[in-house]
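K.L.:
Listed below are the residues making up each chain.
Number of protein chains: 2
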Amino acid sequence: MSKKYSVAVVGATGAVGREMLKTLEKRNFPVGSLKLLASARSVGKTFMFKGDEYFVEELTENSFAGVEIALFSAGGNISKKFAPLAVKAGAVVVDNTSAFRMDSEVPLVVPEVNPEDIFNHKGIIANPNCSTIQMVHALKPLHNYGRIRRVVVSTYQAVSGAGLKAVEELLEESQAVLNNKSYERKIFPHQIAFNALPRIPQSGGIEDGGYTNEELKMVNETKKILHDDSIEVTATCVRIPVVRSHSESVNVETEKHITVDMARKLLSETPNIVVVDCLEKEEYPLAATASDRDETFVGRIREDKTVKYGLNLWIVSDNLLKGAALNSVQIAEVLISKK
Amino acid sequence: MSKKYSVAVVGATGAVGREMLKTLEKRNFPVGSLKLLASARSVGKTFMFKGDEYFVEELTENSFAGVEIALFSAGGNISKKFAPLAVKAGAVVVDNTSAFRMDSEVPLVVPEVNPEDIFNHKGIIANPNCSTIQMVHALKPLHNYGRIRRVVVSTYQAVSGAGLKAVEELLEESQAVLNNKSYERKIFPHQIAFNALPRIPQSGGIEDGGYTNEELKMVNETKKILHDDSIEVTATCVRIPVVRSHSESVNVETEKHITVDMARKLLSETPNIVVVDCLEKEEYPLAATASDRDETFVGRIREDKTVKYGLNLWIVSDNLLKGAALNSVQIAEVLISKK
Numbered sequence: 001m002s003k004k005y006s007v008a009v010v011g012a013t014g015a016v017g018r019e020m021l022k023t024l025e026k027r028n029f030p031v032g033s034l035k036l037l038a039s040a041r042s043v044g045k046t047f048m049f050k051g052d053e054y055f056v057e058e059l060t061e062n063s064f065a066g067v068e069i070a071l072f073s074a075g076g077n078i079s080k081k082f083a084p085l086a087v088k089a090g091a092v093v094v095d096n097t098s099a100f101r102m103d104s105e106v107p108l109v110v111p112e113v114n115p116e117d118i119f120n121h122k123g124i125i126a127n128p129n130c131s132t133i134q135m136v137h138a139l140k141p142l143h144n145y146g147r148i149r150r151v152v153v154s155t156y157q158a159v160s161g162a163g164l165k166a167v168e169e170l171l172e173e174s175q176a177v178l179n180n181k182s183y184e185r186k187i188f189p190h191q192i193a194f195n196a197l198p199r200i201p202q203s204g205g206i207e208d209g210g211y212t213n214e215e216l217k218m219v220n221e222t223k224k225i226l227h228d229d230s231i232e233v234t235a236t237c238v239r240i241p242v243v244r245s246h247s248e249s250v251n252v253e254t255e256k257h258i259t260v261d262m263a264r265k266l267l268s269e270t271p272n273i274v275v276v277d278c279l280e281k282e283e284y285p286l287a288a289t290a291s292d293r294d295e296t297f298v299g300r301i302r303e304d305k306t307v308k309y310g311l312n313l314w315i316v317s318d319n320l321l322k323g324a325a326l327n328s329v330q331i332a333e334v335l336i337s338k339k
Numbered sequence: 001m002s003k004k005y006s007v008a009v010v011g012a013t014g015a016v017g018r019e020m021l022k023t024l025e026k027r028n029f030p031v032g033s034l035k036l037l038a039s040a041r042s043v044g045k046t047f048m049f050k051g052d053e054y055f056v057e058e059l060t061e062n063s064f065a066g067v068e069i070a071l072f073s074a075g076g077n078i079s080k081k082f083a084p085l086a087v088k089a090g091a092v093v094v095d096n097t098s099a100f101r102m103d104s105e106v107p108l109v110v111p112e113v114n115p116e117d118i119f120n121h122k123g124i125i126a127n128p129n130c131s132t133i134q135m136v137h138a139l140k141p142l143h144n145y146g147r148i149r150r151v152v153v154s155t156y157q158a159v160s161g162a163g164l165k166a167v168e169e170l171l172e173e174s175q176a177v178l179n180n181k182s183y184e185r186k187i188f189p190h191q192i193a194f195n196a197l198p199r200i201p202q203s204g205g206i207e208d209g210g211y212t213n214e215e216l217k218m219v220n221e222t223k224k225i226l227h228d229d230s231i232e233v234t235a236t237c238v239r240i241p242v243v244r245s246h247s248e249s250v251n252v253e254t255e256k257h258i259t260v261d262m263a264r265k266l267l268s269e270t271p272n273i274v275v276v277d278c279l280e281k282e283e284y285p286l287a288a289t290a291s292d293r294d295e296t297f298v299g300r301i302r303e304d305k306t307v308k309y310g311l312n313l314w315i316v317s318d319n320l321l322k323g324a325a326l327n328s329v330q331i332a333e334v335l336i337s338k339k
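Protein sequences appear in the order of chains D and G. Residue 225 in this note's numbering is what sits at position 225 of the first sequence, and the numbering runs on without skipping anything. Residue 113 in this note's numbering is what sits at position 113 of the second sequence, and the numbering runs on without skipping anything.
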């Protein structure tokens with residue numbers, strides 16, 4: 001009988017935690033025992049996993065005894081405090097927060113891009129930011145072939161990236177706007193319904209030069225994942241009234257000429273990328289149809305002749321799956337494949 | 001007594017036509033007599049203008065007798081057929097369609113940018129595409145100061161650009177999605193509610209290289225308005241679930257260094273531009289607050305250090321006002337100012 005693992009999900013009640021459970025089940029991850037951990041106020045909630053009911057337990061310093069794999073998605077501060085404790089207890093942590101991503105001792109991994117980095121871990125492996133994952137997933141084959149020099153990206157990000165309460169706020173506020181009623185916001189500083197907010201996260205995280213930390217994550221994480229500090233990235237991150245799946249308009253300059261046909265071929269040959277690219281048939285990646293799907297969808301592939309060698313791309317993927325839960329579980333899968 | 005003009009509005013019942021009437025009234029344009037022209041099926045509809053009721057008349061070849069200024073916004077084919085007839089009858093046409101924009105005999109004008117071109121008209125003056133107007137409005141002072149070499153723009157465009165029926169579809173479909181009901185679309189090829197469609201217009205208009213004609217309008221009209229064929233523009237145009245006001249993420253490369261402070265100063269000194277740019281106070285341009293406003297709003301101004309001299313900007317304006325009706329009326333105002 002093949003080995004099964006003792007798995008803990010930290011932040012099991014959140015938008016990403018719920019998807020982690022579904023993903024573990026759907027991909028038939030070899031779960032021997034399962035612990036659902038969250039804050040005290042979620043204790044007693046139950047979730048189904050493979051036909052069994054699991055109770056949420058309170059996350060404490062002693063939660064990790066016997067745990068082999070811990071998937072964290074409960075915010076950076078929780079990871080900073082509890083991930084080292086989980087490692088000390090013998091677990092390998094796959095962390096979906098930004099807590100350790102830029103730590104030089106921590107691999108930052110998209111399994112289709114840099115799976116080999118997983119085995120350099122010292123207990124913690126970081127899952128990149130959602131908007132970065134889908135972008136580097138699509139950029140990797142283009143970089144391998146034509147060496148990317150510069151990326152200008154503008155995002156169209158879904159509210160689920162800000163959590164379940166943000167989804168609730170979008171839906172309730174949309175209803176209020178449609179009924180011409182007022183609405184008291186709790187999550188976003190401005191109306192998100194029927195609007196576009198050029199500001200992620202919705203509060204805090206302002207960095208030098210007026211960039212948000214979401215924007216700088218795309219810059220710095222891309223360099224780290226692709227192991228190439230010479231790739232220049234400039235980003236503008238925008239929240240739009242979409243529940244799920246991020247879209248990205250990505251302009252790429254390369255060292256070598258990549259034709260549209262070659263780009264399509266390179267992307268089509270990349271695992272878990274689907275090229276959807278026929279304007280005549282109204283085929284292009286869409287947030288509405290990418291949701292609940294595992295793949296990264298790429299379309300609107302056009303040569304950009306305003307630079308020597310350039311491409312424009314439209315990249316869409318489910319921010320809760322490839323952008324978070326799925327990518328974390330994929331990391332765990334690679335990890336156990338060599339055990 | 002100052003001169004008053006005989007004005008015709010062609011396409012008076014459309015999204016832009018209605019705003020033209022409101023704008024003529026609000027800006028106290030010297031209207032002596034007013035003709036509201038539309039297709040046969042709108043005949044009998046009435047609109048109020050300065051307290052008087054006006055009946056919509058059918059647009060025919062004989063509609064323009066005595067008309068001095070004709071504002072057209074009823075689609076390119078209507079303009080192609082009827083604008084020359086209006087000119088023949090003695091009117092000056094301000095055309096809000098794409099019919100004549102790239103005609104070398106027709107000035108293409110944003111009054112804050114190239115007002116002098118108005119006086120070179122041979123009967124027709126073209127109003128640029130909505131997404132182009134707000135962009136060049138903001139780019140002009142930067143170009144004057146630092147000479148723009150290249151622009152990478154991604155748009156977040158409102159559905160009202162596709163007409164009143166598209167607005168209806170967004171609102172009805174949003175309601176259907178919120179109620180988990182199905183909805184039969186008539187305008188957009190895919191769901192627009194809670195989605196992002198990288199495709200404008202929503203059908204037709206596919207050009208060489210996989211670009212849409214909305215995207216190429218931004219390329220070609222920018223060069224024409226700024227009188228500079230050497231400015232390179234590459235665009236990705238996207239419809240998002242917003243009723244009114246387009247947002248644009250614009251990356252600019254210049255020949256000369258423009259600091260953020262200098263960019264703010266140059267933009268602030270430009271007529272009808274408002275700089276809204278303080279992340280700490282959650283101040284940035286927003287579609288929801290730009291709607292029904294005359295100005296172009298610019299914020300998220302950041303230096304882009306991935307090129308020698310670069311800037312990122314977030315530009316928002318009401319697509320029906322500065323992007324269409326207001327710009328047309330402003331053109332007419334400049335026109336009569338020298339009569």
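Careful, some of the hints might be misleading.
Copies of the same chain look alike in the list, so a pair counts if it fits in one copy or across any two.
What the hints assert, rightly or not - DSBU-like, lysine-lysine: derived pairs with alpha carbons at most 35 Å apart:
1) Lys122 x Lys305
2) Lys308 x Lys3
3) Lys181 x Lys45
4) Lys181 x Lys256
5) Lys181 x Lys26
6) Lys181 x Lys281
7) Lys281 x Lys81
8) Lys281 x Lys122
9) Lys256 x Lys88
If you are wondering where the hints come from, they were derived from the structure by calculation, not from laboratory data.
K.L.:
Now tell me if each hint is right for this structure.
P.N.:
Going through the hints against the structure:
1. Lys122 x Lys305: between (45 Å within a copy, 34 Å between copies)
2. Lys308 x Lys3: neither (53 Å within a copy, 55 Å between copies)
3. Lys181 x Lys45: both (33 Å within a copy, 30 Å between copies)
4. Lys181 x Lys256: neither (55 Å within a copy, 49 Å between copies)
5. Lys181 x Lys26: Answer is between; shortest inter-copy Cα gap is 28 Å, intra-copy 41 Å.
6. Lys181 x Lys281: between (39 Å within a copy, 26 Å between copies)
7. Lys281 x Lys81: between (51 Å within a copy, 30 Å between copies)
8. Lys281 x Lys122: Neither. Shortest intra-copy (49 Å) and inter-copy (40 Å) distances fail the 35 Å Cα cut-off.
9. Lys256 x Lys88: Answer is neither; intra-copy 47 Å and inter-copy 54 Å both fail.
In this structure, the earlier hints numbered 2, 4, 8, 9 are contradicted, and the remaining ones agree with it.
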